Structures are given as C-alpha cells and as structure tokens.
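Taken in sequence, the protein lines are chains A and B. Quick note: to get my numbering, add 22 to the position in the first sequence (first position is 1). Quick note: to get my numbering, add 83 to the position in the second sequence (first position is 1).
These aren't lab readings, by the way, just hints derived from the structure by calculation. Remember, predicted model here, so these are calculated numbers, not experimental data. In this text, a Cβ means the ideal position worked out from N, Cα and C, and glycines have one as well. Watch out, some of these pointers could steer you wrong.
To give an idea of the interface, some chain B residues facing chain A are shown, with a C-beta separation under 7 Å as derived from the structure [said to hold, decoys possible]: (1) GLY104; (2) MET290; (3) SER291; (4) ALA339; (5) GLY341; (6) GLY342; (7) ARG376; (8) GLY577; (9) GLY772; (10) VAL775; (11) TRP801; (12) TYR808.
Computed list of lysine-lysine pairs in DSSO-like fashion (alpha-carbon distance at most 27 Å, straight line) [as the list claims (entries may be wrong)]: (13) B:LYS474 / B:LYS394; (14) B:LYS365 / B:LYS189; (15) A:LYS95 / B:LYS189; (16) A:LYS133 / B:LYS365; (17) B:LYS107 / A:LYS95.
Calculated Cβ distances over 12 Å to all of chain A for the following chain B residues [stated by the list, open to error]: (18) ARG232; (19) GLN260; (20) ASP524.
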Amino acid sequence: MYPVNTKLTRRRFIKGVIASGAAATSTSIWYAANGAERPPGSVERLIRINVNGQVRSVDVAPQETLASTLRYKLGLTGTKLGCNRGECGACTVLVDDIASYGCSILTHSVKAKRIETVEGLESANGDLHPVQQAFVEELSPQCGYCTPGQVMAAVGLLRANPNPTREEARQGMAGNICRCGSYDSYLNGVMRAAEIG
Amino acid sequence: MAYMHIGKDFVPPDVPGKVTGRIKYSEDYTREGMVYARLLTSPVPHGRVVNIDASAALAMDGVVGILTADDVYPDGEPQSTGLKILTNEPTLVGEPILAIAAVDEKTAETAMALISLTIERLPFVLDPLDSLREGGADAYSGGNTFVFRQGFAQEKWTSDQITSFQNGREPSAEPQQSWEYGDLEAGFASSDFIYETSFSTAGYPHMSMEPRSAMAYWENGKCYLHGTSQSLTALAEPMANIVGVPLEDFVFINEATGGGFGQRSRAASIPSMAIPARFSQKINRPVMMRVTREEEFTIGGARQGLQGWIKVGFKSNGAMAAMDMYCVSDSGGKGGGGDANSAAAGVSALYQAEAMRFRNTSIGTNTGHRGAQRGPGENQIMAIVAPIMDKAAEALGLDRLAIRKMNAAQNGDVSGSRSTPFTSAYMPECLEQAAEQFDWDGRKSRARQTNGSKVTGLGIGQGYHNAGRSGMDGIVRMLPNGRLQMHTGVGNLGTYSYASTSRAAAEVLKMSWDDCDIVTGRTDRHLAISSPQDGSNSIFTNTRTAYGAAQDMLAKMKEIAAMDLGGAAADYDIDGSRVYQITDDTVGMTYAAVAQRALELGGKFTGEAEVPEDLNSLTALSVSRLAGSALMGIYHDPRHAGNPPGFAVAMIEIELDTETGKFDIIELVNIAECGTVVHPQGLKNQLVGGAVWGIGLSVLERHLYDPQNGIPASTGFWQSKIPTYLDTPANIGTGWVDLPDPENPVGARGIGEPSMGSVSAALNAAISDALDGHLFDAAPVTTDMIINHVAGISEEAIPLAQNNFRG
Chain A
23 MYPVNTKLTR RRFIKGVIAS GAAATSTSIW YAANGAERPP GSVERLIRIN
73 VNGQVRSVDV APQETLASTL RYKLGLTGTK LGCNRGECGA CTVLVDDIAS
123 YGCSILTHSV KAKRIETVEG LESANGDLHP VQQAFVEELS PQCGYCTPGQ
173 VMAAVGLLRA NPNPTREEAR QGMAGNICRC GSYDSYLNGV MRAAEIG
Chain B
84 MAYMHIGKDF VPPDVPGKVT GRIKYSEDYT REGMVYARLL TSPVPHGRVV
134 NIDASAALAM DGVVGILTAD DVYPDGEPQS TGLKILTNEP TLVGEPILAI
184 AAVDEKTAET AMALISLTIE RLPFVLDPLD SLREGGADAY SGGNTFVFRQ
234 GFAQEKWTSD QITSFQNGRE PSAEPQQSWE YGDLEAGFAS SDFIYETSFS
284 TAGYPHMSME PRSAMAYWEN GKCYLHGTSQ SLTALAEPMA NIVGVPLEDF
334 VFINEATGGG FGQRSRAASI PSMAIPARFS QKINRPVMMR VTREEEFTIG
384 GARQGLQGWI KVGFKSNGAM AAMDMYCVSD SGGKGGGGDA NSAAAGVSAL
434 YQAEAMRFRN TSIGTNTGHR GAQRGPGENQ IMAIVAPIMD KAAEALGLDR
484 LAIRKMNAAQ NGDVSGSRST PFTSAYMPEC LEQAAEQFDW DGRKSRARQT
534 NGSKVTGLGI GQGYHNAGRS GMDGIVRMLP NGRLQMHTGV GNLGTYSYAS
584 TSRAAAEVLK MSWDDCDIVT GRTDRHLAIS SPQDGSNSIF TNTRTAYGAA
634 QDMLAKMKEI AAMDLGGAAA DYDIDGSRVY QITDDTVGMT YAAVAQRALE
684 LGGKFTGEAE VPEDLNSLTA LSVSRLAGSA LMGIYHDPRH AGNPPGFAVA
734 MIEIELDTET GKFDIIELVN IAECGTVVHP QGLKNQLVGG AVWGIGLSVL
784 ERHLYDPQNG IPASTGFWQS KIPTYLDTPA NIGTGWVDLP DPENPVGARG
834 IGEPSMGSVS AALNAAISDA LDGHLFDAAP VTTDMIINHV AGISEEAIPL
884 AQNNFRG
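Bound-form chain A, shown alone (with noise of 0.2 Å):
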C-alpha cells in the first residue's frame, strides 16, 4: 500500500456531501438563531460565500449546487460540468483546501467554508500558480476540458503532501477522469510542480 492524502478519501467525500446535504436542509435553524422571521412557505436565497478570497453575495436555490453556482451565477467557467452526476471531477474545485466535487456539494452547505477555483489560483500580478505553470511546461492538458479539475485536485493533493511519490499523486488524482488519456503528461505536470514549489 501506498500512503495516501487522507483528507481526500472517497469515504471522506462522501460523508461530506451527506453532512452538505443535512446542512442545506437546516436553514431554519438559521432562521431561528439568528431571530429572523422567514416568510411561510419559502427558504433563504440571497446568501454569501466565500469564492477566491471574496465575499459573494448570490441568489441560490436550495438544492443548487455549488458548480451550478460558480458557472451560471459567479460566471466561473473555468469550472466544468463534465458529467454532473459526480463521475469525472471536471467541477473540482477546493473546498477548505480539500478537492471536492462542485456537481455533489450544494451551494448552502458551504457558507461558511472557502471555496477556491481554478480562476483564483494565479497570483496578483498574473503569474500562474506552479501547478497551472508546470502543466504548461509539460503540456499536460490535450482537450482541456477536464484541465481545470486536473489542476485543482493537484493543487488539493499538493496542499496535503507537497513531495509525493509519483504513486501518491497516482492516487491522488485518481477522482478525476481525462478522456484524452493523458494522465502521463497530468503526473509528469503534477511532480514538475512539486519540485517547483
């Protein structure tokens, strides 16, 4: 057996998104802790979260998701829906540095969390994160529809083991799925991006 990143267990997911869930049915409990009156019969919509370190304030469905959020009300494209049924991984995006599923999580449940995208990983003044650059060096995408979720599970993965083996990134990246094949060029992108730091 190989060690593995704990923090992105299918198990872990999993539990996340049925703890997300239980979340976004519970806005009552907002409602009554916070001594705010809803209105009978409707739920809260204008919440705010946080996307690439800003606050967003954004009208959301109660059984939104989160990658349905980020595209079609953020305008976040750079996240894909490759599959929307929590299959492929092209939604991934970081929630509390972990490489989640944005077609599985729903929007409310992750108020109070910080979420990232693959559009806010450049820096200020636009260089690219050394994942995003080590991608480009060892032309790891081919389609590139899968690429921004390729790039946010290896920045995920980095996060938590920021030297492994090419077996752990193996692993690793292992919840995201490339059509292409070219998982090869993702692994040589993902150690070149170790070693850059």
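Following the hints, put chain B in place on chain A, whose structure we already have.
Using the frame of chain A, we list chain B on its own:
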C-alpha cells in the same frame, strides 16, 4: 534536415487558457436575452410519435416556445438512416423528439413534464444476429439495413446459418460488400499453420468530456452558432446546410472542443447543434441547449461492434499467406460506420497478407448511432489478430517479434484492395526501436512465469491507419507591421495540430514564432478550410497547406523586392525579417515594408486577383473578405499520390492474477512511425492518450443494454467504463522513428489512431500469453471472462453477443 520550428517543442497559444479556465467551450458563452432549451427524448428504442399535446407546457409562465420535427422537416422527415435534428420516428432510446425553451432550465424541465406524448411502440432489436435471424425484429421501419442509393432493405439468414456462424464456422450467406486480391485458395494451400475462428468486438460510446451543448442566435440575418467540432471549417458549410442558411450568413464559433475522437468530424454526426439554431430562428431569442451526460451518450455516437469470422494462413517462415474475413457490422439505430472495411484494409496494410478476401453485411440495431471512433475497425481487429500472430509463431517455432518483422510493411509495399503503394513505410525500424526500448530480448524469458497466483504475460501490438489527405487550402497574411497571420481552419480538439501545422508556414518564411499569430476559433475570422480532422490526417494534410500558402507568400515577397530593388525574384532570399539580394545582402526590404508595398500594389499581392480557381468554397469566401487587407499567401493543395500510413508498435508486460482476473501493467512502451516529428510533446500526448484508449478497448469499454426494454445501461463514465489513472500505468514509455515521408513538405504523417491500435493489440496478446496462449477472440476481454476461463466455465457465454454481457 535542420528546422527552426519543425521537431521543436513550443507552447501552443491556447494552453494557458486551458490551465486557467479562461478558454471558452460552447456552454461557457452567454448572450443577453438567452433562453434555455431542453430536449424531450424517446423513451422507447423504436416507435412512432402519434400525438404531442404541449398545450399545458406552453401555457406555463416562462415558457417561450417549442420546436418539433414538423417544424424542422415541414415536407416530412428524410427516409434514410442517419441522425436527424428531431424525429417522430425514433429508432433508439434517447433520440430527441422535441425541444422546449423557457427563461430558465428549471422552467423548461418542468414544462417538459407537462407534455403529453403518445408514442406507438414498434418491435426493436439489440443484436445484429437477432435481427438477421428469420423472424427477428428490424431496427428500422423499412428493414434492418440501408443500401446506398437503394434505400431500406431486409436481410435475413436461416437459423442454421446463424448457429453455424456462432459456432465458429464460415458464414454461408451472400454478403452486402466484398473485395479480394491475390489467390486465396493457393495461399491457404501453401500455409503450414491455419487458424480459423469467429470473433466479436464491442461497440461503445465516445464519451468526450465536453457534452455537445450548443448556443445560437441570429443577428441581421446571420446565424451565430457556438458549438463543437473536430474542424470548425470542415464542419461549417454542411452545418450551414443543416441549419438552412447560406454559408456567407453562417458564423460558426468554436475556440476549443472538449474531445472529438471521430464523432465531431462531420456535421451529420452532430446535427443536434442545429436545434438551438433553428429554435433561435423560430422564437427570435438566443437559445442555449445544454446537453447532459446521459443525452451525450444517446446522441453522441459509438464505435461499431463487429461479429466476424476470420481464417488466417501462415507459411513456415511466418509470412501471412492468406487472410479471409467475414463481418457482420452493427450499424446501430441510425446506420453508419465503415469499420469492417477499415479493419480488413488495416490487416492488409499491417501484415501484408499475400492474398486476402473481405466480406461484410451491415445490420441495424436499436442502439446508439454508429460512426467513426478513433481507429474505426483497425483498432478492433488488431486486438483480435495480435494473439493469432502469437499462436502462429508458437506453432511454427518462431519468435513473436520475428514473425512480425517477417510481415512488416516497408518502403515499396502496397496494401488494400487497390494495391495502393505507401508513400513511405518503416515498420521494421519501428519494431526494432520498440524492442530495444522495451528490452524484448531481456524480458521475453519472463513470459508465462508464475509467482503464486500471478502469471506474467508479454504482448506485442501494431497499429495502423491511413494518415494523410490533400485537397485543402491555406491562407497566410503579412501585416504592414511585419507580423504573420496564419488563418488556419484546423480545429482545436486537443491535438494542438492547429498550431503545430501552422508552424510549417513560419518555417518557410524563417520567422520567429514570436512574430506569428494564429488566427482561428470562428469562421468570421476568415479561415482556410481544413480536412475534417478525422483519420489521423491533420498533420500530413494541413502542413501541406500551411507550407504551400507560405511558399506563395514567399514568391510574392521576392517579386515585390525585385520590382522595387532591381533584378529578378530568383536573385532574392529571406532571413526571417528581410528580403535581400543574395549577392549583396545590404540591398533588401523588411517584411513590414514588403507588406506595405503589397497594399499599394494590390491585385494578386493582396488576394484581389489571380486567386487560385480551385479553392474550396469556404476558403474562397474567406479570401474574398480578406482581399486588400494585407500581403496574402493563398494556396490550394493538389492531390498527393499514394497512401501515407501512420504506424505504431507497443510492447506490454503484465502480471495477471488468476484468482481475481485482474492484472497490473508492469511495462508499456508505445512507439510511433509517423514520418518527421513536428511537435514532440504533442506526439507524446497522442502516444500516451492512444495507450489509454487501447486499454479501454481491450479490457473495459462496451455497450450494455437492457434486453427487456432496450434501455441503455452504460450511459455514464463508470458504466461503459473509460480508463482512469488507476487503470493505466503510472509511466508509459514513448518514442518515435522520425524518418521523413516524401509526400509531405516537412516529412510528416499522422499518428492519433495507430497509437491506440498498437496498445489494444499488445494488451490482448499479453493477456492471451499469461493464459498459456488462450484466445478469447474478443474485445474487450473483461475480468469476468478471464475468471470464467480460468475456472473452466463457458456455459454463461453468449456466442458473439453484442450490446450485452458476454460471459
């Protein structure tokens, strides 16, 4: 030959956009006033729409319109196979019947539920042999096959003929299609080893990461369509025809495509993009049609499954003396696919069979529509033939590498029914390089060694595809600031060939890459047409056009210099920024000055006169719109001679656990023989990507349909399972032969498809090797098949089953 750009790595200009998420795919666009279309699709595998009552849906707040087949085909639907935009005669589950648009998707989805659809169920069939059998259902209302220029027809075999075929014997029915060369009978008579079997290969979906979402709007009589394609220019005119708008009023916008793999090369294989265009025209609003993963499965296309019989004869020295092949091809719910013919042509090219016969019958089923998928035919058949090569080597006492060298294609060889000569061929060199990189001699003694329940298997695979076309066009422009504008029509589908082929123009003009701009992404940027970018042809085909356009520009530059500075054009040369006199390089003009002078001169220098007469219509339109804007190089590529092949060789070592049927790939190398290497990193990506696809074909991917209701059960990534990081090795070795092809100005040929066939063949051979040479005669060879074989269980198997499990 020393090149500035050819053979050198570079950063294609779209890569930063891919790693930052800035590059836009069709669904990433929005437009003021945009509404959302949802599709109502067929719930049955074969039916006829009797009535549509959408009154309740259309009465809903927020619903803005409906589009039906009657809107699209007011004179009746075409009575042929092939995908339609919308239909009242669905022949597969999930085929779009109508679209409804609303101010948001939720409203559209809710409205959809209010539509009352009355549909008459018709008999359906999932396996071609079930349809061929007397009394079996037909996939189409007019029969179970479609004959070109004749229409629907019905093809039936007797039950005895079907059973005989399933039991491995030669089909006796008359085929729809056949060709042959050489003396087949004499070939088998001269053979010392003959292998005969029935075989099957599975159909499976393309599963591109980007669903085929599209958005369209109309402005000032022009239709703007954001969509996906393999080549935006090859697709533009036929798509304009499907939409029903003149080419000059159609703008196709396609900056990036999230995977093609054959299904997005032709407009006819992706006509659903016309739905938002037609809908937008009807309701006068921008329309976004988001396509779900499940919809992508049902309308996204699939590889053909083959049910076949094959007989191969080898002489004592290992030479393939005769090959006889008979296929029943699964044409799916919408017809289409020429995999069987390509399979036979591939065997002819790769193994140089001295005599060969090919026969085929195509039969429809009510499953996904079929069409080209990465190495259609060649890559399935190589997985079947490679273990047979090993069986022959064993029987004849030959090394497995040696028997492949004996049959290897080389310069001067021909292939196929027309004995077409290769433009060049270096398969022996490719085999040698793979053997060296893999250390075949060092590893081969490990074959079939056991370690507890695990056993080592080795495999050699070869891949082939015809990899080059011609007849396309090129446009380059030099601006008065000295920058080169390369108006490529090559699509951005992940191969980076849009950029790497353009480098041939920079090479001719000896220009720094920093002084060059690639103009592409939308047809109103006035592009030259490219090939459809299927069939591994982009590199060969489009370096020819880029090179030719730059040569035209170079000639004009020298002519202008001679005109202004004296002498003849032949007295001048270039250095990347100046045109100068060869005898006195102080006499010259900068590229910028030449471009400025061209604007003053006009005429042929700026595309206003003496334009090549045989330009394709899209290129001619582009040239007419660019005329007078800059110094222009314009080129129409004449036809080339011969067959430019793409070849690949893979070698694999696996360790197969006979208790679980699982295996690990210990070593995998994939070597290309594709002429001069244009872009090493891009080629490497094709080799590793092809390897991943080859693993999918060999052991994972297949259609699964519910036999009771005809409902697809493999609509997701984890059902028709595409390989993941964990299904593929952490390292894939790559390499290339790098010898130039004389029919291409920079020596290049294509590789995308052979790089998959080599690995599908090698992996099937390695599994066979690990199981003492057992031949499954099938692809994929799944874990359950391996376990059943080891356990000696055969009764679960359905002989030659298609679109289902195969025990």
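Status of the hint placing TYR808 of chain B at chain A (closest C-beta pair under 7 Å) = Nearest chain A Cβ about 5 Å off; hint holds.
ask   = Per the CB criterion, is VAL775 of chain B less than 7 Å away from chain A?
value = With a closest approach of 3 Å, the VAL775 of chain B hint holds.
key: Restraint check, 7 Å cut-off on beta carbons, for SER291 of chain B near chain A   = With a closest approach of 6 Å, the SER291 of chain B hint holds.
query = Is the hint on ALA339 of chain B kept, meaning its closest Cβ partner in chain A is under 7 Å away?
reply = Holds. Min distance 6 Å.
inquiry  = Is the claim that ARG232 of chain B lies outside the interface with chain A correct, judged by CB distances over 12 Å?
reply    = holds, 36 Å
inquiry  = Hint validation: MET290 of chain B versus chain A, beta carbon distance must be below 7 Å. Holds or violated?
reply    = holds, 6 Å
query = Under the criterion that the straight-line Cα-Cα distance not exceed 27 Å, is the pair LYS95 of chain A, LYS189 of chain B satisfied?
reply = holds, 15 Å
message = A closest beta-carbon separation below 7 Å is what the hint needs, so does ARG376 of chain B meet it against chain A?
response = holds, 4 Å
request  = Take a quick look at ASP524 of chain B and tell me if its Cβ sits farther than 12 Å from every Cβ on chain A, holds or violated.
outcome  = Correct as stated: the minimum Cβ-Cβ distance to chain A is 25 Å, above 12 Å.
Agreement of LYS474 of chain B and LYS394 of chain B with the hint, judged by alpha carbon distance not exceeding 27 Å = holds, 13 Å
Residue hint GLY772 of chain B, partner chain A, criterion CB-CB below 7 Å = The hint holds - GLY772 of chain B has a Cβ within 7 Å of chain A, the shortest such distance being about 4 Å.
task = Examine each Cβ of chain A, and state whether all of them lie more than 12 Å from the Cβ of GLN260 of chain B.
result = With a cut-off of 12 Å, GLN260 of chain B remains clear of chain A, as the shortest Cβ separation is near 32 Å.
The structure does not agree with numbered hint 16 stated previously, though it agrees with all others.
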